[in-house]
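Colleague: Take a look at the letters that make up each chain.
There are 2 protein chains.
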Amino acid sequence: MMNSKTYERITRQRAADLAAAILTKAGFSAAHVSVMAQNMLDAQAQECHSHGLYRLITCSDMAATGLVNLTAEPKLTDHAPAIVKADAQGGNSLLAFDTALDMLTGKASDSGIAALAINNCFHYSALWWEVEQLSKRGFVALAMTPTHPYVAPFGGKEPLFGTNPLAFSWPRPEGEPYTFDFATSAAARGEVEIRSRRGESLPAGWAIDKDGNPTTESERALSGALLPFGGHKGSAISTMIELMAGPLIGDMLSSQTSAPGMNSDKGILHGELVIVFDPKRFGISPDSAETLFRQITDQGARLPSQRRRAARLQSEKDGLLVSSELLADLNRMA
Amino acid sequence: MMNSKTYERITRQRAADLAAAILTKAGFSAAHVSVMAQNMLDAQAQECHSHGLYRLITCSDMAATGLVNLTAEPKLTDHAPAIVKADAQGGNSLLAFDTALDMLTGKASDSGIAALAINNCFHYSALWWEVEQLSKRGFVALAMTPTHPYVAPFGGKEPLFGTNPLAFSWPRPEGEPYTFDFATSAAARGEVEIRSRRGESLPAGWAIDKDGNPTTESERALSGALLPFGGHKGSAISTMIELMAGPLIGDMLSSQTSAPGMNSDKGILHGELVIVFDPKRFGISPDSAETLFRQITDQGARLPSQRRRAARLQSEKDGLLVSSELLADLNRMA
Numbered sequence: 000m001m002n003s004k005t006y007e008r009i010t011r012q013r014a015a016d017l018a019a020a021i022l023t024k025a026g027f028s029a030a031h032v033s034v035m036a037q038n039m040l041d042a043q044a045q046e047c048h049s050h051g052l053y054r055l056i057t058c059s060d061m062a063a064t065g066l067v068n069l070t071a072e073p074k075l076t077d078h079a080p081a082i083v084k085a086d087a088q089g090g091n092s093l094l095a096f097d098t099a100l101d102m103l104t105g106k107a108s109d110s111g112i113a114a115l116a117i118n119n120c121f122h123y124s125a126l127w128w129e130v131e132q133l134s135k136r137g138f139v140a141l142a143m144t145p146t147h148p149y150v151a152p153f154g155g156k157e158p159l160f161g162t163n164p165l166a167f168s169w170p171r172p173e174g175e176p177y178t179f180d181f182a183t184s185a186a187a188r189g190e191v192e193i194r195s196r197r198g199e200s201l202p203a204g205w206a207i208d209k210d211g212n213p214t215t216e217s218e219r220a221l222s223g224a225l226l227p228f229g230g231h232k233g234s235a236i237s238t239m240i241e242l243m244a245g246p247l248i249g250d251m252l253s254s255q256t257s258a259p260g261m262n263s264d265k266g267i268l269h270g271e272l273v274i275v276f277d278p279k280r281f282g283i284s285p286d287s288a289e290t291l292f293r294q295i296t297d298q299g300a301r302l303p304s305q306r307r308r309a310a311r312l313q314s315e316k317d318g319l320l321v322s323s324e325l326l327a328d329l330n331r332m333a
Numbered sequence: 000m001m002n003s004k005t006y007e008r009i010t011r012q013r014a015a016d017l018a019a020a021i022l023t024k025a026g027f028s029a030a031h032v033s034v035m036a037q038n039m040l041d042a043q044a045q046e047c048h049s050h051g052l053y054r055l056i057t058c059s060d061m062a063a064t065g066l067v068n069l070t071a072e073p074k075l076t077d078h079a080p081a082i083v084k085a086d087a088q089g090g091n092s093l094l095a096f097d098t099a100l101d102m103l104t105g106k107a108s109d110s111g112i113a114a115l116a117i118n119n120c121f122h123y124s125a126l127w128w129e130v131e132q133l134s135k136r137g138f139v140a141l142a143m144t145p146t147h148p149y150v151a152p153f154g155g156k157e158p159l160f161g162t163n164p165l166a167f168s169w170p171r172p173e174g175e176p177y178t179f180d181f182a183t184s185a186a187a188r189g190e191v192e193i194r195s196r197r198g199e200s201l202p203a204g205w206a207i208d209k210d211g212n213p214t215t216e217s218e219r220a221l222s223g224a225l226l227p228f229g230g231h232k233g234s235a236i237s238t239m240i241e242l243m244a245g246p247l248i249g250d251m252l253s254s255q256t257s258a259p260g261m262n263s264d265k266g267i268l269h270g271e272l273v274i275v276f277d278p279k280r281f282g283i284s285p286d287s288a289e290t291l292f293r294q295i296t297d298q299g300a301r302l303p304s305q306r307r308r309a310a311r312l313q314s315e316k317d318g319l320l321v322s323s324e325l326l327a328d329l330n331r332m333a
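Protein chains in written order, with numbering that gives the first Met the number 0: chain A, 0 to 333; chain B, 0 to 333.
It is worth saying that the hints were derived from the structure and are not from the lab. Be a bit skeptical, because a hint or two may be false.
Identical copies go unnamed one by one, so any copy, or any two together, can satisfy a pair.
[Claimed, not checked] In silico lysine to any residue, SDA-like type, Cα no more than 25 Å apart, as pairs:
| id | residue 1 | residue 2 |
| --- | --- | --- |
| 1 | LYS279 | ASP297 |
| 2 | LYS279 | ASP77 |
| 3 | LYS265 | ASP16 |
| 4 | LYS4 | ALA186 |
| 5 | LYS135 | LYS209 |
| 6 | LYS4 | PRO259 |
| 7 | LYS4 | LYS265 |
| 8 | LYS74 | LEU312 |
| 9 | LYS209 | ASP109 |
| 10 | LYS265 | GLY230 |
| 11 | LYS279 | ARG219 |
| 12 | LYS135 | LEU325 |
| 13 | LYS4 | ASP101 |
| 14 | LYS279 | PRO80 |
| 15 | LYS209 | ASP86 |
| 16 | LYS74 | SER287 |
| 17 | LYS4 | GLY299 |
| 18 | LYS156 | ALA309 |
| 19 | LYS156 | THR296 |
| 20 | LYS74 | GLU315 |
| 21 | LYS74 | ALA333 |
| 22 | LYS265 | ASP60 |
| 23 | LYS135 | ARG308 |
| 24 | LYS265 | GLU289 |
| 25 | LYS316 | ALA25 |
| 26 | LYS209 | ASN68 |
| 27 | LYS74 | ASP210 |
| 28 | LYS265 | SER284 |
| 29 | LYS24 | LEU325 |
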């Protein structure tokens, strides 16, 4: 992780000040700045560097393109007894999520289960942060979103699915939820881009070239397609995410959108679906869940949240770990 | 698929008569016989042989053990505005599912989303049948259930998770839903058993031996553990299924149960969770879903339901394909 880079630790307050200054200068409204900064600081504290303070640079770049509504005010609709709709109005997804949180958890408490459909949003943030906000309030949550066409279906050769992350969080009595969040592609698109810039090859099974042939060359992968994780099973899960967080909620498929830089005139906005369960309404056996976690860790396997949790504890004590190179960039931008 | 076996086709009525005779003789009540037979006939018609008429033998064997309540009357509870509970009372899961269907779809239509928790049930049937019953009524459905401890978590070495199937179905305008249903283990337990009986080896990545070392020997795999599909991602999904269809609904983990023949005195019953979405309440764009399916098949990739669908159409025309060996056994049992 540390490679040849040097890192230093800064206080959370210093990081918050940098984030507020940079996002405000980029044109985001105070409401957006507040939730975006909280999200990036939490990611940095957990050493998810790709979703941490580094995003201050990409969000500033995005703001400059004019493709995102920086001052959008999400429109909340009490859509059905167990459905909240949040129209992000062309802005970042996080403010829509944050605005909907109280109505969503209220519905989940009333009905036992509830769904939040976020429409017309721009996505840059990891979904684990959202499902953890729900678990911190005592709920079980599942979130999914399409992205842009990067991944070929199993047995196919054209990029069609997004990297389509799936995130899940389960509240635990001692306060730290069990959470996972992963792309349904074999690898993250960003990882392939990084390897391409470094001229590094890819492991087998990550990608195909533009003719549909397996490739380990990162350049060929970027002009071809990523593969889904887990063969036909991962491909099926990715299809489900397209359907549920796309057509079901009246929003876009990955193939109907494009990332900036994809050389397409399609929009960059799409949807997101969050499903929330109130364990208190289901008849939960909380001790059994803890038994399962113990049975996993007792045999030497890890829980997906273990690494992030350890990083967070150290960050709370010693400050946020930031690469010196990134910090120099951020100081310049602020 | 056909191997050296010979197959013949019988009418659906002949198959129904065989199923009714065998299940009734085994002691199942008329209500159980009705839904079990429908399920097995549908599986046979779609050439899912492992969940078709072959199950008449395993269900008869199971009935003889006295471990399943053959005349159980499921108890339905209107548990919360969007939660139905169906206590299977120690009987087969299918009758509990069937009994709950009207209340479940009523709640999904009212609220937009609803969940069915089936408790204290015995499972032998594939989940695709249940989610398709819901899609035939116009709903999107997701179902999951733990099984018994066969699968080690990623990075571990002890069997802990079940093969934990996940099934999803999406209604399509022309009546045939998009459906997938797969084990979250790299391979089905039954497939490893079949290869063990034949003395065949396993592909790499399916299993570990009892010391946690990778093995391609089917015998060693059976005394060791299966592996999850898709590495840490499949392992995380399997964990989610344990949590959601176990502790969340106040029911068992796979590790708290045992299959008959596992040389354990634990019970064979556990739970199941079905989540139902009413697309009409969400704001669906139905054309986009069809666009996605076309984009998948146009590039030569298959939809998971395509093979079963083709088989069903042929079965409707020509009768059900049954192995002659199985048919001889069933004729003897009836």
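Colleague: Against each hint, give a clear statement of whether it holds in the structure.
Modeller: Hints and how they fare:
no.	hint	verdict
1	LYS279 with ASP297	neither (28 Å within a copy, 46 Å between copies)
2	LYS279 with ASP77	both (23 Å within a copy, 15 Å between copies)
3	LYS265 with ASP16	neither (35 Å within a copy, 57 Å between copies)
4	LYS4 with ALA186	within (23 Å within a copy, 42 Å between copies)
5	LYS135 with LYS209	neither (44 Å within a copy, 38 Å between copies)
6	LYS4 with PRO259	neither (28 Å within a copy, 56 Å between copies)
7	LYS4 with LYS265	neither (37 Å within a copy, 54 Å between copies)
8	LYS74 with LEU312	neither (36 Å within a copy, 47 Å between copies)
9	LYS209 with ASP109	neither (50 Å within a copy, 47 Å between copies)
10	LYS265 with GLY230	neither (29 Å within a copy, 34 Å between copies)
11	LYS279 with ARG219	neither (50 Å within a copy, 42 Å between copies)
12	LYS135 with LEU325	neither (30 Å within a copy, 54 Å between copies)
13	LYS4 with ASP101	neither (41 Å within a copy, 60 Å between copies)
14	LYS279 with PRO80	both (18 Å within a copy, 13 Å between copies)
15	LYS209 with ASP86	neither (36 Å within a copy, 52 Å between copies)
16	LYS74 with SER287	between (40 Å within a copy, 24 Å between copies)
17	LYS4 with GLY299	neither (30 Å within a copy, 45 Å between copies)
18	LYS156 with ALA309	between (40 Å within a copy, 24 Å between copies)
19	LYS156 with THR296	between (39 Å within a copy, 11 Å between copies)
20	LYS74 with GLU315	neither (35 Å within a copy, 50 Å between copies)
21	LYS74 with ALA333	neither (31 Å within a copy, 63 Å between copies)
22	LYS265 with ASP60	within (18 Å within a copy, 59 Å between copies)
23	LYS135 with ARG308	within (14 Å within a copy, 44 Å between copies)
24	LYS265 with GLU289	between (46 Å within a copy, 19 Å between copies)
25	LYS316 with ALA25	neither (31 Å within a copy, 65 Å between copies)
26	LYS209 with ASN68	neither (34 Å within a copy, 57 Å between copies)
27	LYS74 with ASP210	neither (44 Å within a copy, 56 Å between copies)
28	LYS265 with SER284	between (47 Å within a copy, 18 Å between copies)
29	LYS24 with LEU325	within (18 Å within a copy, 74 Å between copies)
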